[in-house]
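K.L.:
The residues making up each chain are set out below.
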Amino acid sequence: MTPLAKLLEAALFASARPITTEELAALSPDDSLAALASAIDELREHYDVDGHGVELQEIAGGWQILTRAEYTEAIERAQLASRPQRLSAAALETLAIIAYRQPISRAEIEEIRGVGIGGVLKSLHERGLIDVVGRGEGLGRPLMYGTTPVFLEHFALRHLEELPRADELAIALRAPAQATLD
Amino acid sequence: MDAVTPRGASGTGTFAVDLPQFSGPLDLLLTLIREEQVDIYDIPIARIAQQFVERIRTLELNEAAEYLEMAARLLRIKVQLLLPAGEQELWEDPRAELVRRLLEYQQMREVVDLLERRGEERRSHFARAYLPTQPVPPQAPLALSLVELLTAVDRVLRAVSRPDMHDVVPRALDVPGAIDAIRAVLALRARALLSDMITGAREPWQVLSMLLGLLELAKLGELRVQQLRPFSNVEITPTDRDAASEAA
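Going down the list, the sequences are from chains A and B. Heads up: the first sequence begins at 98 in the numbering used here, then just goes up one per residue. Heads up: the second sequence begins at 19 in the numbering used here, then just goes up one per residue.
By construction, these hints were calculated from the structure, which means they are not laboratory data. It is possible that part of the hints are untrue.
[Claimed, not checked] Simulated crosslink set (SDA-like; lysine to any residue; CA at most 20 Å straight-line):
#1 B:K96 x B:P112
#2 A:K103 x B:A145
#3 A:K103 x B:L48
#4 A:K103 x A:E119
#5 A:K219 x B:P112
#6 A:K219 x A:R183
#7 B:K237 x B:A202
#8 B:K96 x B:L48
#9 A:K103 x A:Y144
[Claimed, not checked] The calculated label-pair distances, taken between Cβ atoms and stated as ranges, are:
#10 B:V97 x A:R255: 48 to 58 Å
#11 B:S213 x A:V247: 52 to 62 Å
#12 B:V97 x A:V247: 41 to 51 Å
Only a predicted model underlies this, so the values are computations on that prediction, with no experimental measurement involved. Beta carbons: idealized from backbone N, C-alpha and C, even for Gly.
Based on the provided sequences and hints, a complete structural model is requested.
P.N.:
Structural data, given as structure tokens:
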């Protein structure tokens, strides 16, 4: 491996969270972005081709070294690491709405889901998956919520645009402002 | 159909059970529509409403309010459908809003499926373990004598009383006196510095009086106050005496 690829590997190994491309670039300011990109490729190929227990994944606008899926069960069985808890259906529904409609207020989410979501919102916030991103214009200037980088990490998304566009879904999500009956 | 409220909820008199398999009334409604295999754009409201009410009655809902609200909504739509439409051209299908919400909900569920898949995929990989910040080691239990405690209290009280910030003594400024003093100085000298003027002042009120006096005289046009650079000394020159040479 090239020295730059080794440097990246060391930095990625040292971090528990994905490291963004900009942060990686700061490791070796003399190298060009092209050199950085090829070093990342080199490292990824090194893991994939030479056969390693870990792999390099692009997540949340950055890069992260993760263990390969085939070893997960053995690792968990040996209680060396444990998988994070699955999110509840209510939490997933709320997250899906926030991801597509952000910034969005609690009342708007409740309108779409048809149920109250106070507790869900709180626990999502505590897990760092969503955050308050501002205040709305409406009555009482409600808190507006949006997703965080942790959200991207949790679902191994490179960026929000990786989610299918609303019009690519089987049923197009209409604009929120529609003629209402009551 | 006649009763929206689950009456007496099978003897217990309360709503006892929640619906873990449904995440809300829209979810239940969509499930019914799927089970009954009806067209979402042409929902047989009477049938679906019947099913809905039966379902929430047999399941004895805990979080019933939201389900009951939906049941009421369904019944209202049913009533609206029964009413003669009249000849209004603007007649809107009373089901339209419900259909819109159902479609929106269904699409959101599609996203949920996607997130579930992605989340599951990510769960099958481990990252470097998160290292929690080192907890601060607990302090050794305190072993202090009464004297030490009293000394500490004394120290605190002493520190508190020292500034004595709230004892404000009103002191009138003596601007006329300051004006006299400035005039006296300028009668003797062609140029003075602010620092010279206030060297004699011991109290803040004296400095303030001097400053106000200076400003007052400058306003009256008796002198000019000039500061060449920020924070540099302030030069005071009388205007009636050879101002031209000093202006440079």
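K.L.:
State the violated hints by number, sorted upward, taking the hints as numbered earlier in the document.
P.N.:
3 and 5
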